[in-house]
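There are 2 protein chains.
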Amino acid sequence: MSNLVFLVLGASVLALAFAFFFFKQMMKEDEGTDTMKKIALHVRKGAMAYLKQQYKIVGIVFVVLAVIFAVMAVFGLQNSWVPFAFLTGGFFSGLAGFFGMKTATYASARTANAAQKSLDKGLKVAFRSGAVMGLTVVGLALLDISAWYIILNIFVKEADAAHKLIFITTTMLTFGMGASTQALFARVGGGIYTKAADVGADLVGKVEAGIPEDDPRNPATIADNVGDNVGDVAGMGADLYESYAGSILATAALGASAFAGSAEFQEKAVIAPMLIASIGVVLSLIGIFLVKTKEGATMKELLRALGRGVNVSAFLITIATFVILYVMGFENWLGISFSVVSGLVAGIIIGQATEYYTSQSYKPTQKVAESSSTGPATVIISGLGLGMLSTAIPVITVGVAIVMAYLCANGFQLAFSAKALSEGLYGIGIAAVGMLSTLGITLATDAYGPIADNAGGNAEMSGLGEEVRKRTDALDALGNTTAATGKGFAIGSAALTALALLASYVEEIKIALIRIGEKLPNGLEPAKASLIDFMDAYSVNLMNPVVLVGVFVGAMMAFLFCGLTMNAVGRAAQKMVEEVRRQFREIAGIMEGKAEPDYARCVAISTKGAQHEMLLPSILAIAIPIVVGVVLGVAGVMGLLIGGLSCGFVLAVFMANAGGAWDNAKKYIEEGNFGGKGSDNHKATVVGDTVGDPFKDTSGPSLNILIKLMSMVSIVMVGLTVVFHLM
Amino acid sequence: MSNLVFLVLGASVLALAFAFFFFKQMMKEDEGTDTMKKIALHVRKGAMAYLKQQYKIVGIVFVVLAVIFAVMAVFGLQNSWVPFAFLTGGFFSGLAGFFGMKTATYASARTANAAQKSLDKGLKVAFRSGAVMGLTVVGLALLDISAWYIILNIFVKEADAAHKLIFITTTMLTFGMGASTQALFARVGGGIYTKAADVGADLVGKVEAGIPEDDPRNPATIADNVGDNVGDVAGMGADLYESYAGSILATAALGASAFAGSAEFQEKAVIAPMLIASIGVVLSLIGIFLVKTKEGATMKELLRALGRGVNVSAFLITIATFVILYVMGFENWLGISFSVVSGLVAGIIIGQATEYYTSQSYKPTQKVAESSSTGPATVIISGLGLGMLSTAIPVITVGVAIVMAYLCANGFQLAFSAKALSEGLYGIGIAAVGMLSTLGITLATDAYGPIADNAGGNAEMSGLGEEVRKRTDALDALGNTTAATGKGFAIGSAALTALALLASYVEEIKIALIRIGEKLPNGLEPAKASLIDFMDAYSVNLMNPVVLVGVFVGAMMAFLFCGLTMNAVGRAAQKMVEEVRRQFREIAGIMEGKAEPDYARCVAISTKGAQHEMLLPSILAIAIPIVVGVVLGVAGVMGLLIGGLSCGFVLAVFMANAGGAWDNAKKYIEEGNFGGKGSDNHKATVVGDTVGDPFKDTSGPSLNILIKLMSMVSIVMVGLTVVFHLM
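Chains as they are written, first to last, in this note's numbering: chain A, 19 to 745; chain B, 19 to 745.
To be clear, the hints were calculated from the coordinates, so they are not data collected in a lab. Treat the hints with care, since some could be wrong.
Copies of one chain are not kept apart here, so a pair can be met inside one copy or by any two copies together.
To be verified - Straight-line distance between alpha carbons at most 30 Å, and here's what the computed BS3-like set of lysine-lysine pairs gives:
(1) K286 with K385
(2) K685 with K142
(3) K593 with K685
(4) K612 with K593
All values reported here derive from a predicted model rather than from experimental measurement.
Could you build all of it, start to finish, from the sequences and the hints given here?
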């Protein structure tokens, strides 16, 4: 085992230590008045109660799945490490969400309080708290990866070193399934929670009763703030933990097989993605410390301050990659480095395109706002149209990035050979790693948005006055802009990682066949077969009707999953609306501010709704790949994954951008355009915003996880597919 | 050449003769009062003016494309029949739309007048007029097919009989491209026209001014009625002409190659789909004559009357297929017949599912209506959710049908061999032919809907009174139900036909390579290579990044295309809204009914908007497959087609069903539920209906054509792709 892995362990400890340091620093801040403390406590309790409830249910799912894997291991359909790897993946992913959320719920009142003093103070508290989340995620992921790598290297007895590394890396992939499963539940459950509360609070409070957002008279307002934490913080944390770990693990597995012929470079290829991520931790820290502003900075300066941190990290990781790969002695260090660059550039372009399509500073969103003069219907039509058009740039960008990463890493071998393929796929994987390597800071800029949002809520409910609310709004708006970039990286890396996982799936077939001692359908020895041989043996080509049916089902899965989550939000929101209406009707003095609404009841309704509604879509996402595997076999599964990936990716971009544009079209009108707040135009865009809520915060982001989870499930279940299949 | 082709010619003449007969019969009916005549004339003139304008622009596109094909032929990249075949396909497709629309515009006032007498009389006039369209479409398609088959058999000089048939059938496919191109322009242009007028009329008339639909005071009302004709009649006619001809041509081409080894059965396999379609003409006529009701029939009885005609035809074609294939002496006549049955059954199931999800008699649409109690936003969310969920049954049904049609036709060969593949693909093609074989009657039930709708408009504007309007509404509602079944067949057959076209694409590569005297990339002789050899030679497997990028671009194309058409409707509607508002404002006495609105101006705006807006999406649909071919080569094109097909199919179902459900949720409330007409709930569902308009009548149905047109373009352009490609 290479000692380089201890560098990875070190980076993980470094990240966690700084996370702890920033957390302590934040905790030292003053939480403000008693009212502020009380509200923060309400939110914190609600959020923790939700998370406990969620982890209980998810815990049951994990135990059931772990037992299934154990049974599979007994029958030789999986190896016996898998149940444990799976469980740790889920555990650490959940832990990342938990820590992030805990930090966020402590930080919101402190941010509001700091914003009373100045904008910069507010920014610092919020951003450093976001950094806790970013660093916790990368720290825990690298800890899990390096620990398992060390453990497996010690305990796995295998004479053939090359085969041992393939075995280790493919086993480690199954902890990715644990992370994906946890992430899906977190995103779907949290997404339903937050949007049920948000939609419910808005529809009755803003639209019917005409009271402002986060007004303490609105019974759903605490639930809404809890929702920001469980959805946007805990959900996002688990999500990105999974993306980050998944891209590293998939690339390591591809490296182990692409360089299986060379004892020297095989392990280096496995370690390289981990190393790039480790250096990324250090560079993220540098970036985080660079984020500071002068007293009285303007919005633009603030934005530049944040951007500086992110851009410096991204720039430095590019240079570091060239250095790392050169020093490690890779023959094609230049090519592989350019693969990383193509991933990074793609992430930036997608982020820019996202911003162009969703920010009110540009034409597209302004046109959505303009269409409000003919009512809500045209707002919806133009938003949907914008979302659909906005898929073009990301798809073409990812397409170019795939081809570039592939060709750079294999030395521009245009012919489709086994060697060109495995080296090229490694390039695609490492491009995803590059995109996510500075997650420490990009996630910090993402996570601080909901903290600022909650701080605003706290300020409003505690009656801190217009000025503070303005500052927290500014912080929130800043977060929206950086979030666009973050989304670009998240969605782009999801597509590349899913492709890498597709290749890993084929590797897993190989391992499974060797384990059960079978040959390929065409009689080849699995150990000697290349990826292309596998494609031939299982007829995974586009004329095979089984593949085509798989592609259809995959495309359908993306829509079905979104439909289920959309309807779930609709149903849960409906219940919230009824409850809020009931309280307005039945609790005397509530509108005059004389009686306190029953916040807890709304929290309970959102919690119950989310728990209840998250099960079906999540279980479906796990079950469908298994069913397709058993019915249609390997060719069907690969079709399923490609259909789900392509359609899911495009659908995710569409939903995220349509939702973002509606949100900002509303803000654009609130800024005083087309009649301003309270006008009919504004009301029309509120409809758009409400429709956009589940688009951008529930269904859309869950798709990212869906496409990877389906791959992960297929990978873990491949033993079953290979042995039992109808076609 | 087999004499059986003259049976096909005969069937075509029979269909056209009966179309003429029904037309004459309809023309004998009284057109009613002078006002009714005047209004009908307005609509007829507007529609014809539009069609003339449209054909001018499309004519230019056709000339340009024909010249390109001619140049390609000169350079040996295509054969010299192609430009002519292409032109006739476009010409006949346009002719079908033209005749259908001419009939419809003559029929509407006559239907309204007949409905004054009784419901049955109204039904008969409208339905028989719909039958003119149905029979014209199948008659012209079979005429074009049989004529070309005879011509090419006479003029093509080829020593090898087997090769000659392959050459003839693949050449004939290119007239499918003409039909597809015409259909796309008709659907997109017509769809934009009709929805711009509809949305514009509704938003200002219904919502702002509070006057009923089709009120003569609304300046956009004539344009709205013209729109029904150019979109729902001419557009649909061209669309289904293309589906019908496309499925027969693709299956013939597959038959020529699947049975190339047998001199006896090769031509029989080519003729079989034509024969099934020809018998379908006769059975459709029987079905049409079965549609009659007693005086004073209830809605249910009317529905049963229509259903009887359609079901009897479908049942008889099943039996006829077994007989035809048995008599022709196919060894596997039983299996191939069951392929046809699987297609028919799939069509029926999809139709039923469509009805379940979109009819107000069932839970899903009722729930959308119910969600109106929390405003338009929840109507939109629940409608989108419903549309997404509704994709599951059609996709699984088509998946099962594909596998069944494949396996039945190849005698349940589970192993993926060249023989199993080519025979199985023939089965998939003939399943599509089976679905569409009774188009004569299914299209009649489809086309009579807009006629009834227009009759209602005419009745309203002529002040014929509540009773007549009620009858025409009943006819319209009846049409909506049968249209669901029609949609099932249209969309299901599109998916199967597109798959058959994918296989034809590979055949065209073979022809192209032989023409230019090149071998396959792996050195094989094209004439001796099987479909599987082609997959290997061009590495069309799911690990090839080029294929994956193609799939991504295909999935994106579906969204991009919809986004463009949605926005086009939005923009054109915006202009209409402004014009209607202007007229209300500037023409004194218009609201009191004292001054006549400027109908012509609204017609001109819709015409100009549609002409202007249809170009970009349509040209993109033609250009993208060419660009992908040149950049990514054969593997990329096949990925593109699969991505476009899978994502486009699911997206089309989603949009059609969401749109249908919104429409009927509104109707459900208008029937007196949840507050009834004029309530806030009703207003909320009007928003849903308006959003649904471009979903179900512009973007959704155009997707059907898009997925086939992209295949057709790839097929015709394959010579270019094979010679020039970057990757």
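Quick rundown of the hints versus the structure:
In this assembly of identical chains, the alpha carbons of K286 and K385 never lie at most 30 Å apart, being 51 Å within a copy and 58 Å across copies at closest. For the identical chains of this complex, K685 and K142 are intra-copy neighbours only, at 25 Å inside a copy versus 55 Å across copies, given an alpha-carbon limit of 30 Å. Within a single copy, K593 and K685 get their C-alpha atoms as close as 27 Å, and across copies as close as 25 Å, so both meet the 30 Å cut-off. For a Cα distance limit of 30 Å, the shortest separation of K612 from K593 inside one copy, 25 Å, qualifies, whereas the shortest one across copies, 50 Å, does not.
Going down the numbered hints, you'll see the structure goes against just number 1.
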